[in-house]
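There are 2 protein chains.
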Amino acid sequence: MKQSKLFTKTSKQVPADADSANAKFLVQAGFVDQVMAGVYTYLPLGLRTLQKIQNIVREEMNDIGGQEIYMPALAPKENWQATGRWDDLDVLFKLDGAGDKEYALGATHEEIVTPLAKKFARSYKDFPFAVYQIQDKFRNELRCKSGILRGREFNMKDLYSFHTSVEDMEAYYQKALEAYKNVFVRCGINALVTEASGGSFSKWSHEFQMPTESGEDTIYVNEAGDYAWNNELFPDMKDGDDAPDKSGKVKEIKAIEVGNIFPLKTKYSEAFKYNYIDENGEEKPVMMGCYGIGPSRTMGAIVEANHDDKGMIWPKSVAPFAVHLVSLGSKDETIQDRIDTVSEAVYTDLQKAGIEVLWNDRTDQSFGEKFADADLIGLPLRLVVSEKTLAEDSIEWKERASTDMRLVKIQSAVEEVASWVKE
Amino acid sequence: MKQSKLFTKTSKQVPADADSANAKFLVQAGFVDQVMAGVYTYLPLGLRTLQKIQNIVREEMNDIGGQEIYMPALAPKENWQATGRWDDLDVLFKLDGAGDKEYALGATHEEIVTPLAKKFARSYKDFPFAVYQIQDKFRNELRCKSGILRGREFNMKDLYSFHTSVEDMEAYYQKALEAYKNVFVRCGINALVTEASGGSFSKWSHEFQMPTESGEDTIYVNEAGDYAWNNELFPDMKDGDDAPDKSGKVKEIKAIEVGNIFPLKTKYSEAFKYNYIDENGEEKPVMMGCYGIGPSRTMGAIVEANHDDKGMIWPKSVAPFAVHLVSLGSKDETIQDRIDTVSEAVYTDLQKAGIEVLWNDRTDQSFGEKFADADLIGLPLRLVVSEKTLAEDSIEWKERASTDMRLVKIQSAVEEVASWVKE
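Chains A and B supply the protein sequences, listed in that same order.
Residues in the first sequence are numbered from 1 upward in steps of one, following my numbering.
Residues in the second sequence are numbered from 424 upward in steps of one, following my numbering.
None of these hints come from the bench; they were simulated from the model.
The structure displayed is predicted, hence computed values, not measured ones.
Just so it is clear, CB atoms sit at the ideal spot from N, CA and C, and this is done for glycine as well.
Any given hint might turn out to be false.
Said to hold, decoys possible - Listed next, the stretches of chain A that the computed footprint assigns to chain B, with coverage defined by at least 3 CB atoms under 8 Å from CB atoms of chain B: (1) 63-69; (2) 114-124.
To be verified - Reference excerpt, derived from the structure (chain A facing chain B, CB under 10 Å, subset only): (3) V35; (4) A107; (5) R150; (6) N155; (7) M156; (8) F234.
To be verified - As a list, the in silico SDA-like pairs of lysine to any residue whose alpha-carbon atoms are at most 20 Å apart: (9) B/K542 to A/G99; (10) B/K568 to A/D63; (11) B/K425 to A/D63; (12) B/K604 to B/F624.
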């Protein structure tokens, strides 16, 4: 895409209420626009990243047999009364509907998916199965902070699995746990599997916690650095205490929760009287698990973990474009023509090679502004075409995550980018 | 996908409140599930079709330079007060938010997109541009009917264009009109460009009306059958009257509106004091156009136009799968093994060839039930593997839109399907 056509522009002004790296950089770079606290518009650059995260999540959920569906946000009061959450869930948005009807706006979807599953799967032969959706949730949070990390309206992937036994549910739970690890690795973030409270109906659940100083959660990591415990589950734990699994001492760190998986067991099937018929014709309660990842929250977490003081540093897998092609101006008309011609050719050839490229072809920016834009937006690879590089029949190659710069010959540039993309 | 794994099942029971073909067949075939009147869950088969329609719309909007964004459903009361629609729009859902704040749920997005554009584009050099989103809208309709044709929550593509002159807006309007024609042709429906009222700020707008007896709108079609007038614009018109453009007599028909485009001019830019700075440094009001297509409504309209008494007849471009592979059972174990082996091979080879296939591998259905399922779901091509077809080393080929059946040799079946898909 040509940057001159992009309707958004970067801004030098830090948003007044920016309390975190993602709130600051995503707004300044024109990835998102705040409509009100906790409610954002995703702009062209930001939406590209959000969709890439959604697609990674979709692929991993399909891989564990998840069937994609799309549930509505609106639901009748009765569904939420059946579980008691019409009164108990304080963040639930309530609406006056037609006549004397009342509706809730989906803060989560157990109240919709359980009656749905009940309509189709009643015999033991119909189990197990899992459905998921990528859809927007609404929660009437009293205060919203940290940019897109905690919103009143946010994007969520929620998967629900249905089983005839605890053992089968727990086996699927382990598969989901591995799929979640894959999602975060592919998104370029380090998320620790963290033991958390299971509420009233399970001994435990698991969160995926990304270590970062800006995190609002406190977790205790084991010595191997591959497992942690949430402080809600172990409120008396301190830094240096023995790990609950006796594996050594724990280290206290701050982290952001980017996903959670939960053995619901019969909590919602009982609320909706959802039983299956077993081999002997007897009714038994259905076992459920639920598994959540917020793609918008993950996008914010990626920024928290990948930025410097100049801007964001996107991993290739979720960057809005892989390459930022930057053409610098020249006062010499002949040289300017050559810069334009070479830039256009590289732009076209990169696209032909299937490489996503943002071309800063703007003529109203200084060198400094163009470099500042590239650092702020944070695409993984910057290619500069200028009078200086053309004197060497070259283009300047600089990766956002590194300080190294080098020249690559114009002729081989696209090929080199293509192999770098595949790395 | 294997039908035995699909968690939904078809139903012989017509929904009690089904008042239209789409409400009946989409529910019976397991494409959608009604959560409440006007609010549906999209199930695996239905979501695949919805996503295909969305992608056709996305491609056509990108082709006319639309930049994809994603605006939230929640917005502050103030935005809706600025245009007067907080009080005037009777279908607007209103919510109590944090503290004494009030929010609206997006019934349309002029109230969000106009202030957004104002943040980024102020100089005449920034124009023209167009942004669009594919997002869910909420409207508190008193009564909802006709399945997914008119919902309280529904999917919408809304594009907004921004210009410095009426002429430029009108030129873009024509491009959008052509893009809309492409969308409907690609979705397999015949949508007539129909002159409609322009409200208080334009002489006209245009609707895209699909002729069908179940339509709730009345339109008057010209003799060439390529242009129509809405009866809201010409309330006194009758069948057989002279066409407003003197091209001959009009014919009165029933139709469903599947899209509309609207010259907003300065209606919303004035409400938000959105001016641009022209070449002489003077402030002038921005000209806007808006352009809507409902992918979920389009999906319903496709069913209204493409069904028979047995079920739906999906056009290839938007069918959830191109092929329904149906394996019939045999009491002879050796033959049953061969049916399974051939079916599995055809299923695998079709997928390898990039062809989307639903394989009815269920062992708990009779021949009649399998054929009824195939007719109801309505995939474009049915391939049957049975004792009878294998006796001829063949598979039975039947297209849903035709009554012809023929046998194709097993060896060449996948190749024949691949060329049929490309037709």
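Outcome of the hint check:
1. 63-69: Three-residue rule met by the stretch 63-69 of chain A, so holds; n is 4.
2. 114-124: holds (count 5)
3. V35: holds, 6 Å
4. A107: violated, 13 Å
5. R150: violated, 13 Å
6. N155: With a minimum Cβ separation of about 9 Å from chain B (threshold 10 Å), the hint on A/N155 holds.
7. M156: Violated - the Cβ of A/M156 stays beyond 10 Å from chain B, reaching only about 14 Å at its closest.
8. F234: violated, 32 Å
9. B/K542 to A/G99: violated, 40 Å
10. B/K568 to A/D63: violated, 38 Å
11. B/K425 to A/D63: Distance ~14 Å between B/K425 and A/D63 Cα, so the pair holds.
12. B/K604 to B/F624: violated, 25 Å
Hint violations for this structure: numbers 4, 5, 7, 8, 9, 10, 12, all remaining hints satisfied.
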